[in-house]
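**Student:** Model the full structure from these sequences, guided by the hints.
Chains as they are written, first to last, in my numbering: chain H, 1 to 277; chain L, 278 to 536.
These are computed hints drawn from the structure, not numbers from a lab.
Be aware that a few hints might be false.
Said to hold, decoys possible - Distance condition first, Cα-Cα at most 30 Å in a straight line; then the derived DSSO-like pairs of lysine-lysine:
hint, chain 1, residue 1, chain 2, residue 2
1, H, K164, H, K83
2, H, K122, L, K488
3, H, K272, L, K376
4, L, K305, H, K270
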Amino acid sequence: MRDVLRLSIYSLGVIGGAFFMTGLPVAQPTMAQESVAVRAPLVKEPLPAEDPTAAAWNTAPRAEFPLSPQVHWPTRIGEVTVKSVKARGLHDGKSLAVLLEYADPTEDPHDAAALEFMVGDKKAHFAHGQPMAQVEGGPVNIWYWKNASGKVLDMNAQGFGTLKVQAQQDVKGKGVYQNGTWKVVFSRALSTSDVEHDVQIEPGEFINVAFAIWDGKKLESGDLKEKGSEKAVSSWWYFRAEPAPDYSGYLYAALAVGLAVGFQFVVIRKLKKGRSA
Amino acid sequence: MKGGLLLKGEVLLKKCGVFLNRGGVLLKGVLLIVGLYLFLKFILPLFTAPLPANLIFLYLALTVAGIVIFATLSSESTEEFFGPIVRFLNGERQTGPMKIARLLVLVLFPLLVGWQTYTSTVPSDMPPAESRTIHPAPPGEFVGLSNPIPNTPENVMMGKGLFAAFCSPCHGANFDGKGPAARGFNPPPANFVDSGTIAQLQESYLFWRIKKGGVGLPIEGMPWKSAMPRWELELPDEWVWKIIMGEYDGAHQKPRTWE
Numbered sequence: 001m002r003d004v005l006r007l008s009i010y011s012l013g014v015i016g017g018a019f020f021m022t023g024l025p026v027a028q029p030t031m032a033q034e035s036v037a038v039r040a041p042l043v044k045e046p047l048p049a050e051d052p053t054a055a056a057w058n059t060a061p062r063a064e065f066p067l068s069p070q071v072h073w074p075t076r077i078g079e080v081t082v083k084s085v086k087a088r089g090l091h092d093g094k095s096l097a098v099l100l101e102y103a104d105p106t107e108d109p110h111d112a113a114a115l116e117f118m119v120g121d122k123k124a125h126f127a128h129g130q131p132m133a134q135v136e137g138g139p140v141n142i143w144y145w146k147n148a149s150g151k152v153l154d155m156n157a158q159g160f161g162t163l164k165v166q167a168q169q170d171v172k173g174k175g176v177y178q179n180g181t182w183k184v185v186f187s188r189a190l191s192t193s194d195v196e197h198d199v200q201i202e203p204g205e206f207i208n209v210a211f212a213i214w215d216g217k218k219l220e221s222g223d224l225k226e227k228g229s230e231k232a233v234s235s236w237w238y239f240r241a242e243p244a245p246d247y248s249g250y251l252y253a254a255l256a257v258g259l260a261v262g263f264q265f266v267v268i269r270k271l272k273k274g275r276s277a
Numbered sequence: 278m279k280g281g282l283l284l285k286g287e288v289l290l291k292k293c294g295v296f297l298n299r300g301g302v303l304l305k306g307v308l309l310i311v312g313l314y315l316f317l318k319f320i321l322p323l324f325t326a327p328l329p330a331n332l333i334f335l336y337l338a339l340t341v342a343g344i345v346i347f348a349t350l351s352s353e354s355t356e357e358f359f360g361p362i363v364r365f366l367n368g369e370r371q372t373g374p375m376k377i378a379r380l381l382v383l384v385l386f387p388l389l390v391g392w393q394t395y396t397s398t399v400p401s402d403m404p405p406a407e408s409r410t411i412h413p414a415p416p417g418e419f420v421g422l423s424n425p426i427p428n429t430p431e432n433v434m435m436g437k438g439l440f441a442a443f444c445s446p447c448h449g450a451n452f453d454g455k456g457p458a459a460r461g462f463n464p465p466p467a468n469f470v471d472s473g474t475i476a477q478l479q480e481s482y483l484f485w486r487i488k489k490g491g492v493g494l495p496i497e498g499m500p501w502k503s504a505m506p507r508w509e510l511e512l513p514d515e516w517v518w519k520i521i522m523g524e525y526d527g528a529h530q531k532p533r534t535w536e
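**Tutor:** Quick look at the structure:
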């Protein structure tokens with residue numbers, strides 16, 4: 001009888017383990033080469049909105065995205081200087097700061113970088129929100145920084161040739177060139193009143209983001225190496241302002257543990273009573 | 278020597294049989310469940326796609342229900358089934374390992390329940406899952422068109438030249454989707470050498486995809502992500518048909534036929 005009991009204990013353990021394993025979340029494959037999303041953690045300290053070299057950026061996870069020459073639309077370009085861009089984000093619940101970092105061998109007045117977001121609920125094509133044949137698309141919001149101007153333009157587009165600078169400028173920025181690397185920071189309030197033109201960033205929600213970089217180097221011919229549609233681009237990736245930590249899971253778990261202990265207590269008491277009766 | 282080994286095996290089997298018989302309904306039930314779990318989780322996937330965890334859970338739950346019903350058909354079998362469990366949980370006159378085992382179960386069970394509750398309530402922090410249809414249905418006017426250009430070596434060669442000029446930056450000089458402009462695009466440009474792309478499609482389908490580009494896709498194809506140009510704005514139809522010819526030839530594929 002003892003053997004049976006022992007064996008059943010072991011078996012119960014195995015079954016318990018089995019149920020445990022079936023419930024285990026499957027480990028997500030880590031992206032070795034490229035990222036899928038920029039994740040901007042929530043911080044209490046002031047945002048380094050004007051300082052691309054601030055130490056605070058080291059606390060934000062770094063995502064990296066490969067870039068392609070823009071070949072979707074004429075004028076195309078066959079090769080670009082910047083092959084990938086690293087992105088980080090931080091937010092304080094009210095405002096957001098995004099840092100782009102990329103290698104560029106020369107500092108030029110026409111060097112430029114941009115972030116692109118979809119505006120509203122409609123999907124927008126990553127190439128300036130150009131019209132799609134079978135899907136009704138929406139506009140894109142473009143934050144465009146240029147070295148020469150030293151500031152960021154808040155723009156919109158919905159199709160090629162429709163790029164327009166907004167009347168209400170909400171985005172600030174600053175670029176610093178050090179040791180062959182551009183570090184450009186963009187900052188804006190998470191939400192604005194102009195919901196028709198501005199991307200609205202809700203902590204916890206994944207939104208789409210795309211990147212563009214121009215190497216504004218002057219060639220011997222006098223032309224700029226990259227300008228206008230001749231640029232390095234990415235298609236859509238994800239961006240998320242991380243939500244405030246949610247501890248309710250622990251509360252529910254504690255409640256469940258309490259219930260399970262209570263259940264055990266009642267069952268064993270009942271069993272003992274049954275025996276003695 | 279060989280006979281001795283056989284005899285030993287036989288004795289072991291017999292012992293197992295006796296053990297099983299002595300173990301009664303509970304032990305058999307437990308073994309059945311463990312066996313079923315191992316089969317569903319590890320053996321079945323050798324022959325077919327792995328079962329989702331919730332389906333395995335459902336099968337095990339059904340088996341447990343079946344065993345309980347079977348075990349409680351008579352009062353003797355009920356006692357045989359529940360007796361060991363009751364005695365174990367009761368904890369009376371337990372010593373040594375049994376006492377520890379009981380304690381472990383009583384501690385681990387609530388913890389397991391707590392952990393399961395936590396994992397099922399914790400919000401996901403993964404980006405939304407995307408199920409993009411790679412080859413969605415084309416519009417009616419692009420179904421069943423046949424290539425009007427004669428398949429001559431000259432035309433194929435011209436098609437390959439046009440491919441090199443307009444398509445190879447993304448789709449690659451080797452037709453493998455690994456062109457110098459491919460790396461930044463998500464989804465990546467199609468690899469025509471792969472048997473899952475143009476080999477599965479008709480020339481008519483390629484004609485649609487090249488002419489209308491990424492923005493011509495229906496919603497399930499996620500047109501907003503595709504970098505494929507709308508070539509109808511830049512290339513005459515004749516060139517598109519020649520490019521198709523060059524693509525099949527260069528990738529060593531044949532268009533799909535329905536015969």
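**Student:** Look at each hint and say if it fits the structure.
**Tutor:** Hints, verified against the model:
1. Restraint check for H:K164 and H:K83: satisfied, since their Cα atoms lie roughly 27 Å apart, inside the 30 Å limit.
2. At most 30 Å may separate the alpha-carbon atoms for a hinted pair to count; H:K122 and L:K488 meet this at roughly 25 Å.
3. Of the supplied pair hints, the one linking H:K272 and L:K376 holds, its CA atoms being roughly 16 Å apart against a limit of 30 Å.
4. A distance of roughly 27 Å separates the Cα atoms of L:K305 and H:K270; the hinted pair therefore holds under the 30 Å criterion.
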